[in-house]
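Undergrad: Read off the chains here:
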Amino acid sequence: MTDAPSSVEKPTDPAIESGLDRLTPDRIRQVIQQVLKNETGPRFKAYVETCMRCGLCAEACSYFLSNDRDPQFMPAAKVKNTIWEMLKKDGDVSKDFLRRAVRIAHLECNACKRCAMYCPFGIDIAYLMLLVRRICHKLEITPQYIQDTVNSHSVTLNQMWVKDDEWIDTLQWQEEDARDEFEDLQIPLDKVGADIMYSVIAPEPKFQAGLLYQAATLMHAAGMNWTMPSTPGWDNSNMAMYTGDNEISGRIARAFFETAARLRVKRIVMGECGHAFRSVYDMGNRWNSWVMPPFEVVHALAFYHELLTQGRISIKEKYKKKVTLHDPCNVSRGRGLHDKAREVVNMVCEDFVEMTPNREHNYCCGAGGGVINCGPPYKAERMVNNRVKAEQLAATGADVLIAPCHNCHSGLEDVIQHYDLKMEIKFLGDLIYDTMEKKIYEPGA
Amino acid sequence: MNSFIAFIMGPMVWISFIIFLGGLTIKLVGILKAVRQKEPYIYSYVTLKHSLRSIGAWMIPFFPRSARMSPVYYGISYLFHVLLFLVPLFLASHIVLINEAFQISWPALNDQVADWLTLGVIAALIFFAVRRVMVPEVKFLTGAMDYVLILLVMLPFLTGFLAYHQWIAYRWITVIHILSGELVLIIIPFSRFSHMLTAPLTRAYMGSEFGHVRQAKDW
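First to last, the sequence lines map onto chains A and B. Numbering-wise (the numbering used here), the first sequence opens with residue 1 and increments by one. Numbering-wise (the numbering used here), the second sequence opens with residue 446 and increments by one.
Isolated chain A, as found in the complex (with noise of 0.2 Å):
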């Protein structure tokens, strides 16, 4: 467990060097200076002069935990090796320098917001780090395989390249696998007026279809009035979010709005996907401009909560293994679901043991805020920068972890590989699909 961050040989990414090379010293000015001077205002300029450099945001950040302290880690100076460089040269500033700044930006911040709750001032800091992934973008410097995410977004509105008739042809796949548990079991395509459509983000189609048989199943079970759509508007994730690509970020998240309006549903259910779930209650609508998302937006962890204490689904033995729960940033930090969580953990499993700090005070997963997406280049330097969360885990001595958010599930896999924690890892959705009762919900029943 204490890689030291110097064993970790630094790989040149092709799109960013590529990029670089393309820059002269007059397009990274202007570009610099468009985005600082058109794209922020008050708030950036309050958070430059507050800031009274007094280190406390350091405690907050994951990074800074797991190198041994070492303070080029910590929150402020990250802002330091950039912002601060960036408006103090006015923009003029060099390809080395930017050649940092991305690193800084996409793989040494999660934009997890932790620090924001350590800082006394409430300096929001992932704020200022998405800023300097804004100028990246710009400059088109950002690493390849985020990039490409963003791409595939662009062009299928899903972020891995799922075609139209492979999206539709999973969901048939895992509806007729999954009638072997529920004979008249359906997954309702295009179904204009349900009460609720569901949604998921792509990597489910791509190579996780065993989730949406479970998700189908859940559904049927609890007699609910669903849908998905069978058209591009399917998948709520979004990458673009987190590259600054904020244009395409709006058309991602308007076109999933539109799909649920096309199909007039009550409300929106989303799968255990934390960035997802934020990008849609809390960050599409702005870009469109909507105080609020115009759908109710509810996240699995919600979903769950409502179906067991309203009956609709019953556990028919609870989990025996002894669990703990990861609470991500974007659920719990970022919209206090930790308490629900709990108690769907309760009523679905015997043996709770809490990780510390939880709730509100998590460690990141160190795969979120598009990290884990810029792809194996940087898998290693990503369990070197996380090895606090290794510790923590350990600390608990439990079997099996629960972490309700892909970024999540696919960062921590890699951490408990890496450090050999005997720990298996699951979805809250696997542990309730394990333990329900397979039968259909009657009413009064």
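Hints are computed from structural coordinates only; laboratory data are not their basis. Keep in mind that this is a model prediction, so the values were computed, not measured. Careful: at least some of the hints might be erroneous.
[Stated by the list, open to error] Short, incomplete list of chain B residues facing chain A, as computed with Cβ under 7 Å:
hint, residue
1, N447
2, K483
3, E582
4, V583
5, F585
[Said to hold, decoys possible] Below are the DSS-like pairs computed for lysine-lysine, each with C-alpha atoms no more than 27 Å apart in a straight line:
hint, chain 1, residue 1, chain 2, residue 2
6, B, K662, A, K340
7, A, K379, A, K80
8, A, K89, B, K584
9, A, K88, A, K138
10, B, K494, A, K80
11, A, K88, B, K662
12, A, K340, B, K584
13, A, K45, B, K472
14, A, K340, A, K320
15, B, K662, A, K37
16, A, K37, B, K472
[As the list claims (entries may be wrong)] What follows is a list of derived Cβ distance ranges for each label pair:
hint, chain 1, residue 1, chain 2, residue 2, range
17, A, E247, B, T492, 28 to 38 Å
18, A, E166, B, S636, 33 to 43 Å
19, B, S636, A, D96, 45 to 55 Å
20, A, I315, B, Q660, 24 to 34 Å
21, B, I471, A, A380, 31 to 41 Å
22, B, T492, A, K439, 53 to 63 Å
23, B, P456, A, D90, 34 to 44 Å
24, B, L564, A, M347, 51 to 61 Å
Backbone N, C-alpha and C define an ideal beta-carbon position, used for all residues, glycine too.
For chain A, the structure is supplied; the task is to place chain B on it using the hints.
TA: Okay, now just chain B, sitting in the frame of chain A:
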């Protein structure tokens, strides 16, 4: 010399307070107008309830987790900020001056207590300076301006302490005391000391995003 002292104890006090309060007012109005113009969404999310909830939570000593994790720095910083206002406002000799000018007065601190509290402020400032040298992550962020700001705040307290005891050059020390106090007031709106205005605003915004939108705590 007498007319110089009369100037810095008379018109200059007025000028300092006008720049201090006027500067902060202009700054506040400027911020609110700029928000209206460039970031009107902020008004959609800021609520009074959640702003006060957040500011309140952060005013309670050692209530935020951040405060409990750095108790020494937090404790000293908290006391320092209280004393920064308390000592000058409730110092007997300041109240006498105000009474002479406006015929109003209020209860004063015992001189000896005030003397110790002044030493407390100076000690806190020395602690801040030492911390900037000793703690690596703070050192990394620190620039020359951070020490200048510490010195600027220290000067009126140090000279006030020396003037009270009248050990050396009483007259000159008093002049520096008055001038440095006025200087600090004047630069507040133009320096990072303006966090006395902007910190509650950034806190209110973050408190509202957390309380109103995110339905989570931010302490």
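Undergrad: All the hints need checking, so say for each whether the structure fits it.
TA: Status of each hint after checking the structure:
Hint status for N447/B relative to chain A: violated, with the closest Cβ pair at about 40 Å, above 7 Å. For K483/B, the shortest C-beta to C-beta distance to chain A is roughly 3 Å, which falls under 7 Å, so the interface hint holds. Proximity of E582/B to chain A holds as hinted, the smallest CB-CB distance being about 4 Å (cut-off 7 Å). Evaluation of the V583/B hint against chain A yields a held restraint, the C-beta minimum of about 4 Å falling below 7 Å.
Because the beta carbon of F585/B sits about 4 Å from the nearest beta carbon in chain A, less than 7 Å, this interface hint is met. Distance restraint check for K662/B and K340/A: the Cα-Cα separation of roughly 15 Å lies within the 27 Å cut-off, and the hinted pair is therefore satisfied. Note on K379/A and K80/A: the hinted pairing holds, with a Cα-Cα distance of about 25 Å set against a maximum of 27 Å. Simply put, K89/A and K584/B have alpha-carbon atoms about 22 Å apart, close enough for the 27 Å limit, and the pair holds.
For the proposed pair K88/A and K138/A, the alpha carbon gap of about 20 Å is at most 27 Å, so the pair holds. A distance of roughly 33 Å separates the Cα atoms of K494/B and K80/A; the hinted pair therefore is violated under the 27 Å criterion. With a C-alpha separation of about 34 Å, the suggested pair K88/A and K662/B falls outside the 27 Å cut-off, and the hint is violated. Taking the CA atoms of K340/A and K584/B, the gap is about 42 Å. The hint is violated against a cut of 27 Å.
Note on K45/A and K472/B: the hinted pairing holds, with a Cα-Cα distance of about 12 Å set against a maximum of 27 Å. Our distance criterion of 27 Å between C-alpha atoms is met by K340/A and K320/A, whose separation comes to about 20 Å. Proximity of K662/B to K37/A is assessed by CA-CA distance (about 32 Å); at most 27 Å being required, the pair is judged violated. Between K37/A and K472/B, the direct Cα distance comes to roughly 19 Å. Compliance with the 27 Å bound is thereby established for this hinted pair.
Between E247/A and T492/B the Cβ separation comes to about 30 Å, which falls inside the hinted range of 28 to 38 Å. Restraint check, E166/A to S636/B: a C-beta distance of roughly 59 Å breaks the suggested window 33 to 43 Å. Between S636/B and D96/A the Cβ separation comes to about 32 Å, which falls outside the hinted range of 45 to 55 Å. The hint said 24 to 34 Å for the Cβ distance between I315/A and Q660/B, and at roughly 27 Å that hint holds.
Checking the proposed 31 to 41 Å range against I471/B and A380/A shows it is violated: the Cβ atoms sit about 52 Å from each other. Judged by the Cβ atoms, the range 53 to 63 Å given for T492/B and K439/A is violated: they are separated by roughly 45 Å. Between P456/B and D90/A the beta carbons are some 39 Å apart, a value that agrees with the proposed interval 34 to 44 Å. As the Cβ distance of L564/B to M347/A is approximately 59 Å, the hint placing it in 51 to 61 Å holds.
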